[in-house]
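Engineer: Listed below are the residues making up each chain.
Protein chains: 2
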Amino acid sequence: MAIHLDHNATTPCLPEVWDAMRPWAVEAWANPASTHGAGRAARRALEDSREEIASLLGAWPDEVVFTSGATEANAMALAGIRPGDLVAASDLEHPSIRENMTLAESRGARVNRLPRADRGIINPRDWAALCPEAPNLQVATLAGHETGAVQDMAALIDATRRRFGDAGAWHIDATQAVGKIPVDFHRLEVSTLSFSAHKFFGPKGVGALLVRRGVSLPPLFVGGGQQRGRRSGTEAVYLAVGMAKALRMAVDGMVDRQIACTQLREGFLAGIAPCKPWEILGPLAGGLNHVLLIAFSGVRSDMALMALDLEGISCSAGAACSSGSSLPSPALALIGLPEEHRKSVIRFSLGPFLNPDEVSMAGSAVAKIIARLRGPHA
Amino acid sequence: MAIHLDHNATTPCLPEVWDAMRPWAVEAWANPASTHGAGRAARRALEDSREEIASLLGAWPDEVVFTSGATEANAMALAGIRPGDLVAASDLEHPSIRENMTLAESRGARVNRLPRADRGIINPRDWAALCPEAPNLQVATLAGHETGAVQDMAALIDATRRRFGDAGAWHIDATQAVGKIPVDFHRLEVSTLSFSAHKFFGPKGVGALLVRRGVSLPPLFVGGGQQRGRRSGTEAVYLAVGMAKALRMAVDGMVDRQIACTQLREGFLAGIAPCKPWEILGPLAGGLNHVLLIAFSGVRSDMALMALDLEGISCSAGAACSSGSSLPSPALALIGLPEEHRKSVIRFSLGPFLNPDEVSMAGSAVAKIIARLRGPHA
Chain A
1 MAIHLDHNAT TPCLPEVWDA MRPWAVEAWA NPASTHGAGR AARRALEDSR
51 EEIASLLGAW PDEVVFTSGA TEANAMALAG IRPGDLVAAS DLEHPSIREN
101 MTLAESRGAR VNRLPRADRG IINPRDWAAL CPEAPNLQVA TLAGHETGAV
151 QDMAALIDAT RRRFGDAGAW HIDATQAVGK IPVDFHRLEV STLSFSAHKF
201 FGPKGVGALL VRRGVSLPPL FVGGGQQRGR RSGTEAVYLA VGMAKALRMA
251 VDGMVDRQIA CTQLREGFLA GIAPCKPWEI LGPLAGGLNH VLLIAFSGVR
301 SDMALMALDL EGISCSAGAA CSSGSSLPSP ALALIGLPEE HRKSVIRFSL
351 GPFLNPDEVS MAGSAVAKII ARLRGPHA
Chain B
1001 MAIHLDHNAT TPCLPEVWDA MRPWAVEAWA NPASTHGAGR AARRALEDSR
1051 EEIASLLGAW PDEVVFTSGA TEANAMALAG IRPGDLVAAS DLEHPSIREN
1101 MTLAESRGAR VNRLPRADRG IINPRDWAAL CPEAPNLQVA TLAGHETGAV
1151 QDMAALIDAT RRRFGDAGAW HIDATQAVGK IPVDFHRLEV STLSFSAHKF
1201 FGPKGVGALL VRRGVSLPPL FVGGGQQRGR RSGTEAVYLA VGMAKALRMA
1251 VDGMVDRQIA CTQLREGFLA GIAPCKPWEI LGPLAGGLNH VLLIAFSGVR
1301 SDMALMALDL EGISCSAGAA CSSGSSLPSP ALALIGLPEE HRKSVIRFSL
1351 GPFLNPDEVS MAGSAVAKII ARLRGPHA
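The listed protein sequences correspond, in order, to chains A and B. Going by this note's numbering, the letters in the first sequence line up with residues 1 to 378, in that order. Going by this note's numbering, the letters in the second sequence line up with residues 1001 to 1378, in that order.
Fair warning: there could be bad hints in the mix.
Sample of chain A residues lacking proximity to chain B, with all beta carbon distances greater than 10 Å (derived) [as the list claims (entries may be wrong)]:
1. S55
2. K204
3. P356
With a straight-line cut-off of 25 Å between C-alpha atoms, the simulated SDA-like cross-links for lysine to any residue are [to be verified]:
4. A/K343 <-> B/G1225
5. A/K368 <-> B/T1035
6. A/K276 <-> A/F164
7. B/K1276 <-> B/R1372
Derived by calculation from the structure, the hints in this document are not laboratory data. The C-beta atom is built at its ideal place from N, Cα and C for all residues, glycine as well.
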């Protein structure tokens, strides 16, 4: 048995997406910056993809900046933080946000981090109380990569507005949200929003930053001046085409995928039921329904992950890029998990195309392994 | 007729390369940072690709940093320039170098630019005389994207060494060289070297910076700490696999491709022979043999490019990213072309897989168009 319960780390590129990309890599492969006919055809495909993505996410096409992924997009969104700026953030964020916060602090910015977020959900009152004055930038993650918690952005923005008279500038990491729950950029009222295609069954190596009209950001790097100087480098048309195709499929199939994940989740929970006590750490309702962050008391997650891996079950303790780290994620403190349980946490992230029987069997296998690791006296 | 004589702008992804990438995108698609078996398999493919690329370019695997392309790689190599630094450069470089030079100057670095380079070739004596003191960084392009001139790096480095007692730090843009002429990173004795897969029939969206052991560069952006902190972001394994495959094919087929280009070039030159006077601006020997930078006296290149485009012939006046610009490239002044001829320049860049008959026919078509544009009294 080999089953991937780590869809928050990445998802496969669907064959339909792969096939849609091929013509723009192998056949109509011109440089979209070239002014000749072949270049203009490539440019049209690029701009069509930009328009498709914009329309699916409630943005204008000129607000879409293609990047190599969400890490680059997050860095781009945060590159404008200046020394002395006050930034409101939390430790719920992905390392690609948190590392930029640390960098900004080393350059003289002040970062105020939320002290708590029960079940990964930010309380608007806590958020409004976080900064003594209006922050220059507020950063949040729309759907948590660990807990699956979905933030109520309208409430958070409203809380800031009531406290400071202005909603202020916001960057939202929507990497785990786009393609899984409805995302409407303009309705969110944020300045920038990042995402990556490989989280919604698109290709790795491409993502985007949505940048609201009127928001000016310094480019992360300069060069040929592509994308109106905001992101230089020859645009990989086929990757943009693939991202647009994957997003279209994700949006069109969103309800079906959510239903599939709900059923998979129930089967999985039934499978692991025998190995109580365990505690679901994320939200009990309203979060991403394919994510289960669970603390198995008395079990070391690193031992469990190794045993699961031997059974062909792929999952993780958190973000893939932190996999090599033996330190628990700072988010676990934020959600109020006592320290003694922080090394007992496993994240299962399901995918809508998994086989329900296999997921149930995986749940049973998890239960057996957890029981074995706890030993006869547990 | 539709023929692409603009291979310096980009090349197609070969079907064999595309097919080699598919398994690592669609089937074995795990995140290479994941520690489970699926992640480790992806990691192995990534590291195998890194080793293959390193061995083909005379580098160690740990010297290969994957990027989204040469623009990012160039920016990464130049991100370490500090205020007050003295940099030796030329105006032969691609905009992805030149723009970084302008940026470095705006931040207080001094950039000394070579005043001349006949036929695009840097004279080692001129290079050694460029800086009054030892420069902190020297920047050159191994093979010119406009002229096709290949620099004698050993001579340039030797000239610096004799003048200042030390070869100093070098960044080499090898984007147009890799896969077309032999490139041996360690033998070149440079600090960093950039390239991009889509210039040698690999996929767009992936490139690399070779960073010599012991050379420390600040990352362009931070995040999950992938690639030992030098370049964060989930590695797109299939793109690395594609770049390795394309490079292997290019190196194995290098001589055959060079022979093919030599024959294509002869056929093309025979085709355009009737439309003399014209002048080849690049090197007469020793340069990239698929590149022809030609000044057609009395002809405006923008008009010629449009007429050629109508005939299905794709070519350009220089770098694709500058296509929209009506300003001639600064390299044309450097190579000594009189100002009145700088708007009469067309770059033809052939590809080894073009049909010889079609290339000859394209040459004849160019001759007819040039004659027509010159009018009856030329």
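Engineer: Which of the listed hints are broken here?
Structural biologist: When the structure is compared with the hints, numbers 2, 6 turn out to be violated.
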